[in-house]
Each structure stands twice: as C-alpha cells, then as structure tokens.
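**Student:** What follows is each chain in one-letter form.
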Amino acid sequence: MRSLVALKILLHDKATTIGSLIGVIAIVFLVGQQLSVLFGLFSYMSVLVDHSGADIWICTKNTVNINSTGLLPVSYVDRVSALPEVDWAEPLLFGSGTFKTTNDNFEAVQIVGLRTPKLVPGPWRFYAGSQNSLLEYEAATVERLDFNKFGDIKLNEFYEINDTRVRIAAITQSIKGFSGRLVFTNLAKAKEILKTTPGRCKAILLKLKTSAEPEAALERIKKLLPKAEVLATSELSRKTRSYYVVNTGMGGSFGFSTMVGAFIGIIIITLTMYTAVLQRQKDFAVLRALGARKIDIVVIVLVQSLIIAVIGIFIGFFLLALFLNGTHDSALPTYFPRWMSPLLAVFTLALCVCGSLLAMRKAISVEPASIFR
Amino acid sequence: MITEPILQLSGVARDFFDGKTQRRVLQKIDLAISPGEFTIVAGPSGSGKTTLLTIMGLILKPSEGDVFIRSEKVTGYPESKMASIRLQHYGFVFQLAELLPALSVFDNVVVANGIQGKSISSALKKKAKDLLESFGLQNMFHAKPLQLSGGEKQRVAIARALINDPTVLLCDEPTSALDAESSTIVMDSLKRLSQDNTRGIIMVTHDPRVFPYADRLIKLENGAIASDSKSSS
Ligand SMILES: Nc1ncnc2c1ncn2[C@@H]1O[C@H](COP(=O)(O)OP(=O)(O)O)[C@@H](O)[C@H]1O
Ligand SMILES: [Mg+2]
Chain A
0 MRSLVALKIL LHDKATTIGS LIGVIAIVFL VGQQLSVLFG LFSYMSVLVD HSGADIWICT
60 KNTVNINSTG LLPVSYVDRV SALPEVDWAE PLLFGSGTFK TTNDNFEAVQ IVGLRTPKLV
120 PGPWRFYAGS QNSLLEYEAA TVERLDFNKF GDIKLNEFYE INDTRVRIAA ITQSIKGFSG
180 RLVFTNLAKA KEILKTTPGR CKAILLKLKT SAEPEAALER IKKLLPKAEV LATSELSRKT
240 RSYYVVNTGM GGSFGFSTMV GAFIGIIIIT LTMYTAVLQR QKDFAVLRAL GARKIDIVVI
300 VLVQSLIIAV IGIFIGFFLL ALFLNGTHDS ALPTYFPRWM SPLLAVFTLA LCVCGSLLAM
360 RKAISVEPAS IFR
Chain B
0 MITEPILQLS GVARDFFDGK TQRRVLQKID LAISPGEFTI VAGPSGSGKT TLLTIMGLIL
60 KPSEGDVFIR SEKVTGYPES KMASIRLQHY GFVFQLAELL PALSVFDNVV VANGIQGKSI
120 SSALKKKAKD LLESFGLQNM FHAKPLQLSG GEKQRVAIAR ALINDPTVLL CDEPTSALDA
180 ESSTIVMDSL KRLSQDNTRG IIMVTHDPRV FPYADRLIKL ENGAIASDSK SSS
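Quick mapping for you: the protein sequence lines, in order, are chains A and B. In terms of numbering that gives the first Met the number 0, the first sequence has 40 at position 41, counting the first letter as 1, and numbering is strictly consecutive. In terms of numbering that gives the first Met the number 0, the second sequence has 117 at position 118, counting the first letter as 1, and numbering is strictly consecutive.
In short, the hints are calculated from the structure, not lab data. Using N, Cα and C, we set each Cβ at its ideal position, and we do this for glycine too. One thing to keep in mind: the hints can contain errors.
Stated by the list, open to error - Listed next, the in silico DMTMM-like pairs over lysine to aspartate or glutamate satisfying Cα-Cα at most 25 angstroms (straight line):
hint : chain 1 : residue 1 : chain 2 : residue 2
1    : B       : Lys117    : B       : Asp178
2    : A       : Lys293    : B       : Glu3
3    : A       : Lys281    : B       : Glu71
Claimed, not checked - To spell it out: a stretch of chain B is covered by chain A in this simulated footprint if at least three of its residues, at any positions, have a beta carbon under 8 angstroms from a beta carbon of chain A; those stretches are:
hint : region
4    : 49-59
5    : 76-82
6    : 123-130
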C-alpha cells in the first residue's frame, strides 16, 4: 500500500513528476552522450588494433601507444612465422600523408599498408569495392564520410597522396581513425607514399594457432625478439587508450562535462522532488496523524524516487540509443561500450536517491500537529 | 457499574514558546473518558481545545503530566510506537476532511492500514465498503476527493476514522466548515456511533448549536476546565 500511495501521488502531481523525470533523462542522456563521444574518440586511437584479428602485436621496444611507434625489421616476420604456435604473421605499415583533394587543397589521412594477399587488418566495412580491390598495384581506399572534404571522388580515378599516384579502388564505410581518416593500400604502395626505409615495417601482427597456449606463446616470442615490444592485442589497445586519457587532458575535460551533466540532473531532481513534497506536506501530516511512522514516510519518498529513476532511465537509454544509431554513420565519434550501460543505470539510480534526500528530510519533518492549525 | 476509563489524563499541562516567553496554554488537567460517552469540549477560540485534543491523540507531547490508554501509560513512548497506537486505537476527524487528493474515496478509507507496509485484507475492504455505504456513499468509491462536496468529504473522513474500530474517536470542529444540513448529518452519524459501548467520542467545538448532542460537556477557559457536566438523559 505504501508503494501504491507513492505511485498514486506521483500520478496525481503530474507536473513535478514530469520535472523529476526530465532530470533523470537529462542525466542518462547527457552523461551517456558525453561518454559515448569520449569512448568514440578512444576507439579511433586504437581502431587498427581493435580490428586486427591478431592475437599479438610486435612493435618497437617500449611502445605505449600504437600511433607513436618506430620501425621494425620485416625479417622478424619470418622468424616468428617459423614458430609452431604461430598461424600467421603479417607486417603492417602506417603513417600520415596528405591527400590532394579535387578542390586542390590537402587533407590529412592515415596510410595503412597491408601485405598481399592476406591484407590484415583489411578494411572491415565497404561502401563500394572489396578487399580484393587492394591486391592491385596503386589501389587504395577512401572513406565515404570524407567525401565532402575530399571533393568529387570517383571510383577507379587517380588521385595523389604525398605526390604519389593512387587509384581509388574501393570505398570504406564509417571506418574512423584518429588523425585523419584511414586510407588502406597494399604494402608496396604504402612504402612508396611514406618513403619508408626498405626492409622495415611499423608493426607485425600475429595470429596464434587455436591449439597454442597464448600466455606461453607470448613469453616465447618475447624471448625470441628481445629488442622488440611483444604485446597481446588487448594490452596494446588498453595502453594506447590510456595514453591518450592521461596525456591529452581529454579524459579530464570529458570527465568535467560528464559531471556537469550529472550535476544539472541531480539539481533538477532535487528541486522538483522537494517541490512535490512541499505541495504534499499536508498529506504527509495526515498520514502521520493516522499512524504512519517516519520510516513509512521515508519509504514513500524513496519509492517515488525509484519509480522516477527507473522510468527516466528507460526513456534516457531509449533516447541514447536513438542518438547512437543516428550518429553511427556520421563523422561524430560515438561508441558506447556494453559494460557502460549497467554502470550508467546504477549511477543514475544513485543520483536519484541522492536527489530525493532533501525531499525526504522535508517530508519527515512535517509535524502531524500541523493539520490541526 | 463502574467501567474502566478508555483514556485518562493526569496533571497534563502544555507550554508553548511564542518568541521569547514561555506561555502555559493548558493548565494541569485531570480527565477520564469512559466508553460509550459522547464528550464535547467547548470553549472560546484560543482556549486550548485543539491543544488538549492533540495531546489526547498522542500527536502533541504534554509538557507535564501523563496520558493513559486503558490504564497503560503511554507518555514517553518513542515516536514510532505512538504512531502504531494511533493506528490501532484512534480515529481522527479534522476540521476540513483532509483526504488525500491523489487517492480515491475507497483508498482514502483504507490507506492508514497499509501505511506501515501491510497489504489490505479483503475483510478490511469489505468493511470499508460497508462503512461507505452506511454513510450513503455507495456510488462514490472510485471518485476523487475533488469531486465531492464538503459534507461528503467529511463523511468519507469519518469512515476513514472508523475503519479500525478505534477506542477513541477524536474530532476537531468537524462541522465548522459545513452547512447546516451536512452538519446535522455528520452530528447524527457521530451520535449514532457514540452509542457503541466500547468507544468514546471526543469532539471539540465552539458551536453551541451542537451541545445538545453531548452526553458530557466540558467547557475550557484559558486552558483550564471551567465546567464539566453530564447530561441526565
Ligand atoms: N504550536 C504552537 N506554538 C505556539 N503557540 C501555540 C501553538 N499551538 C497553539 N498555540 C497557542 O495556544 C493557545 C491555544 O490554542 P488552541 O489549542 O489551538 O486553541 P483552540 O483550539 O481552543 O482555539 C492559542 O493561544 C495558540 O496561539
Ligand atoms: Mg482549535
């Protein structure tokens, strides 16, 4: 009956209920949207690592960030390929270039050179063309989201990157990199564009056989290549992301705006719930006179805040899903990891309960004697 | 036959602070209420009627003296225990009905029984229906208080006060906001209820027109009992 009373009062005081709901929705949506942009940016930085399909990455010694790593001898590929645990090993080349647009200006791009015929980590989403288009000499991809920056790009036409001719053989869809979008090409073409020292590559990707013991294999490769950094793919991804969180102030800046979102939400909830209790002071006094204990009044207000939280969280997540869907194929970086959802929900629930504390205090301070005056 | 009083005040006094000075609003009062009695407490405005009523109702703490319910001393009980006693032993009717606008008429009658977290039994629901019917409110179960007239609201409030068969029914000027006709209906209902020998009704009023309903008339003046008379009927 207490919960029912709580619910009925909420339904009766529609204006304040909707106000509190808006507070909850604001928290979920603002915080969720901020976090998704933050995680989106982070995912850009480790985009190649995350989509490599490899188990292990070999980079230059002391690499903490895939985007700033030195050059390795390509000969390492053959040395690790010879190990019985290794399924395949592929060299990778990447670096920045400038793409000459059809409007005669230049746009920054990230060149990614993949060894034929395996082409890992090849583009994973195509708008036009396919992985096989990259087998041909001079073939390269551009990103569909860059079309408005690059001008009038046509498939199978020739363009220039770092004064080197490439033929656009395929168009990727929504593959977003950090400093400029990704242009995939084969290793030979990438060497030409980036003018890389012969016999060198940026990283070596390595896939283990399913029968191999990952930990043991990792240790063995580390021993085999003491001058290189040998990292599990997930470890390299994590290191790269935390490098940017720590070194760019992005974490702090987004953390701040996330807090502001949460703060606005909690203020709205606190004020509206407090207003609702002020309006209902007399009802609480009557209930107290009729036999409600202070704890019963606390339960009513608490249940109200939980009802508002749950409904608000549902609506907030619905709007967030719409936002994420709508930005999936846009230039806006958005990515919301699955594990974030329960955290955000619990966080919002906790804020709601905090927001109801002032209202609760007011509600239990109402004297039953006040109805007689 | 001498029956045990259902409610007893012993040396009860009450002080209020208004600003800096302490003022004694209720002088030391000794009073015993017997079952089956319809007691009216009358007196001019400010004479301390409501203060006395709220002390009897365990809503206000006396500054001095003790309150007994059926010879159980309840003064000094913790707040939550007082609330439970109010729930079990008391019925309240206020000057304005004070129904919860968010609840239906029916829910208003049963709400107190569920307020400590219990669910409402079907026996209680039946009783609420019977009570509302006995007050001529059978078509109003699902109405919201806003849709009711003043007299109807006050009858719902009386039904709410009676739902637990209270030992003591306390009414603070229940007719002062009503027209003559509604006032008569309410007074007749209270009179009928007072004939039950297990219950005492105490009603506070400053309206002399309702004095004839009383079995016992207590007059308060300046916080003290000026006269206490039982009608000879
Ligand atoms: N909470 C309070 N604080 C201060 N003074 C009060 C309070 N409640 C009542 N009083 C004073 O006590 C006196 C008696 O009040 P009350 O019992 O309400 O009288 P009545 O009901 O007979 O009109 C009045 O003078 C009133 O101002
Ligand atoms: Mg009064």
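**Student:** Indicate, hint by hint, whether the structure satisfies it.
**Tutor:** Hint check results:
1. The straight-line distance between the Cα atoms of B/Lys117 and B/Asp178 is roughly 37 angstroms, outside the 25 angstroms bound, and the hint therefore fails.
2. Taking the CA atoms of A/Lys293 and B/Glu3, the gap is about 32 angstroms. The hint is violated against a cut of 25 angstroms.
3. With a C-alpha separation of about 30 angstroms, the suggested pair A/Lys281 and B/Glu71 falls outside the 25 angstroms cut-off, and the hint is violated.
4. Three residues within the 8 angstroms Cβ limit are the bar, and the region 49-59 of chain B against chain A gives 6, so the coverage statement holds.
5. With 3 residues having a beta carbon nearer than 8 angstroms to a beta carbon of chain A, the region 76-82 of chain B meets the requirement of three or more and the stated coverage holds.
6. Note: the region 123-130 of chain B has 0 residues with beta-carbon separation from chain A under 8 angstroms; the three-residue rule is not met and the coverage is violated.
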